[in-house]
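Asker: Given next are the chains, with one letter for each unit.
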Amino acid sequence: VIRPLVGLAAVNCLLVLLGVLVLWLAGPWQRLGWWQRVPLAALTGMATWACVAPPLLYAGLSPTPYVLLLLLAVSAIAAFVVRRRWPYGPQERQPAGGGLIAAACALPIAALVTAGAAYRPLRDFDAFTDWTFKAKMLAGHGGRLLGAFDERAFAGVPLRHTAAQVYPIGLPALEALAFRAMGGTNTRIIHVQLVLILLAFGAMAWVVLRPFVDPWLLGAAEITGILSWSLQQQTLTAYADVPLACFWVASALALGRWLARGDRTWLVLGALFAAAAAAVKQEGTAYALVLFAGAAVYLLAVHERARLVALGVAGGAVIVSIVPWRIWVAVHGITNPDIDPSPSRMANQPGAATHAVARMVDELLSRHWNGVVPIAVVAAIIAIARRRQGRLAVSYLVLLAGILGMIVLIYWNTTRPPTTLIDLTAHRLVVTPYLLSVALLPLLLQAALSRPRR
Amino acid sequence: VLVIGIALQRRGGPGLAVAVVLIPAAFALPGVIHRDTHELHADRKLTDLQAQLAVPGALKPLRNIHLALGARRLIPAGAEYRWILGGRFTHGGFEKRHARYLNTTDWLEQFLAPRVPVDGVADWGIVLDATPASLGITPRQAWRFGRDWVIRL
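Protein chains in written order, with the numbering used here: chain P, 66 to 519; chain V, 266 to 418.
No lab work stands behind these hints: they were computed from the structure.
Each residue gets a CB set at the ideal place from its N, CA and C atoms; glycine is no exception.
Each hint should be verified, as a subset may be incorrect.
To spell it out: a stretch of chain P is covered by chain V in this simulated footprint if at least three of its residues, at any positions, have a beta carbon under 8 Å from a beta carbon of chain V; those stretches are [to be verified]:
| # | stretch |
| --- | --- |
| 1 | 107-121 |
| 2 | 169-180 |
| 3 | 206-218 |
| 4 | 280-294 |
| 5 | 497-510 |
Between the sequences and the hints, there should be enough to build the whole structure, so can you do that?
Answerer: So, in structure tokens, the structure goes:
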């Protein structure tokens with residue numbers, strides 16, 4: 066047990082280092098305090114690997130720590146050159162503190178979930194037949210630098226019965242890196258990597274939101290968030306839904322900070338996290354579309370059209386990031402057997418949409434999600450009624466409706482019996498709206514329940 | 266939760282908001298801790314081999330564990346193999362045959378990864394529910410595991 070855990074810890078330290086270099090390159094590094102940099106670097110490093118590794122794999126490289134070291138060297142050179150030519154702006158002075166106390170409070174439950182992850186067998190169907198299977202294929206082929214991506218495995222017989230062939234390989238690339246660092250395909254300890262993504266997301270949300278919200282409230286919301294039984298179970302399945310939700314909500318938070326403060330470094334991070342969401346699951350592309358369209362509508366509504374260009378460039382970068390994967394899928398003639406968008410299909414199965422809405426609402430009201438989404442919605446409505454943080458509250462409601470609408474649209478275009486697919490998967494697709502609500506809950510409650518200013 | 270809320274509110278903090286957030290967590294905490302620890306204890310009891318042989322609920326338990334372990338020992342990682350079907354995999358209606366085939370091969374393909382199953386020519390074969398001789402195959406080497414075989418072609 067010790068050898069793989071040490072390998073996993075070591076490779077995640079390298080990923081944090083990658084995140085540090087990306088933050089240095091993108092700009093937030095120098096603008097944040099020391100205690101804010103490293104927590105933000107963890108998720109940034111994982112997101113960078115999830116984005117960059119698939120094209121490298123298609124190009125013939127392997128998902129190994131050696132390739133990660135090469136990537137670190139390239140990032141360091143790029144950051145040095147860019148920052149020498151364009152120095153940083155002034156450091157932001159912003160409220161901080163409370164992070165260690167919140168981390169200490171969350172530690173027991175995080176440790177329990179991590180221990181559970183380290184012993185859990187690979188017994189969940191999609192991880193067994195898709196995500197971790199692909200990671201095993203990547204880790205088991207090729208050498209230290211080249212040759213891991215084997216087309217016989219990804220476009221051939223093994224995945225022929227499932228939609229798995231069409232899914233992007235950001236998560237398998239991250240798991241394969243962990244397998245290589247662990248020295249073998251340990252299918253129990255690999256679950257810890259998924260828990261680390263969730264914890265890194267919690268740290269990232271803390272860094273982004275702390276300047277705007279009381280630390281007690283932020284800490285309470287994050288602890289309530291991780292205490293959801295359903296979230297823990299979804300994390301431990303080793304499916305891509307939790308990484309997708311973490312990267313997408315991280316992108317929403319970074320874009321929100323850019324919209325609120327105008328610091329472009331956060332726009333860069335928002336684009337990176339959106340690209341990572343698109344790299345781990347194909348719904349990520351649709352979710353990124355919702356996010357960037359929402360940001361564009363926001364800028365139009367507040368009459369800041371000049372910033373649309375920067376937003377468009379960031380959105381374009383996200384689209385460019387999925388091009389290698391889409392080309393590979395198109396070249397191999399792979400289609401999704403489960404989802405095929407078509408107006409006639411939607412007209413023929415209107416019941417799929419209503420059933421999807423009913424199942425999503427059922428799921429979000431379930432006690433296993435701790436009532437976070439209903440509380441956040443009520444808080445947003447109260448905030449709007451009290452005219453406090455109205456833009457934030459409206460943005461949350463629009464984004465929540467947008468993401469739920471996109472999920473319903475996906476279900477509406479299913480080629481399978483609709484109720485079967487919806488009933489099988491609704492509990493995991495709600496992870497994204499749930500984490501969005503967890504992240505924004507403290508801001509919304511602060512706005513809804515704060516005392517009037519004198 | 267209420268004590269924390271009142272204390273924070275008196276200090277001018279967001280006590281009510283913290284209480285609103287923590288009340289669902291307080292209700293969830295005992296159940297979550299109980300289920301987490303119960304699952305952890307159950308999973309800790311499994312040996313590594315038992316954990317590797319765990320089967321997702323949607324798949325039926327594999328009939329021939331020795332075949333799985335033997336094939337993984339014999340076929341080199343990264344090598345190609347193909348399925349060769351006999352017996353019950355060739356009898357009955359298409360749906361039944363297909364279901365039997367998927368229930369067996371899907372599980373084994375995941376278990377044997379990174380070995381790659383192919384449809385065409387391969388150096389290795391896994392013969393299900395038949396002998397190589399009964400199917401007219403003369404392998405270079407063959408290993409028997411109950412009613413199934415691993416063969417080198």
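Asker: Three residues minimum, CB to CB under 8 Å: does the stretch 169-180 of chain P make the cut for coverage by chain V? Let me know.
Answerer: holds (count 4)
Asker: Are at least 3 residues of the stretch 497-510 of chain P within less than 8 Å of chain V when you compare beta carbons?
Answerer: holds (count 3)
Asker: Go check the stretch 280-294 of chain P versus chain V for me, would you? Three or more residues, Cβ under 8 Å, otherwise it fails.
Answerer: It holds, with 9 qualifying residues against the three required.
Asker: Do at least three Cβ atoms from the stretch 107-121 of chain P come closer than 8 Å to Cβ atoms of chain V?
Answerer: violated (count 0)
Asker: Can you take a look at whether the stretch 206-218 of chain P is actually covered by chain V? Rule is 3+ residues, C-beta closer than 8 Å.
Answerer: holds (count 4)
Hint 1 from the list above is the single one not met by this structure.
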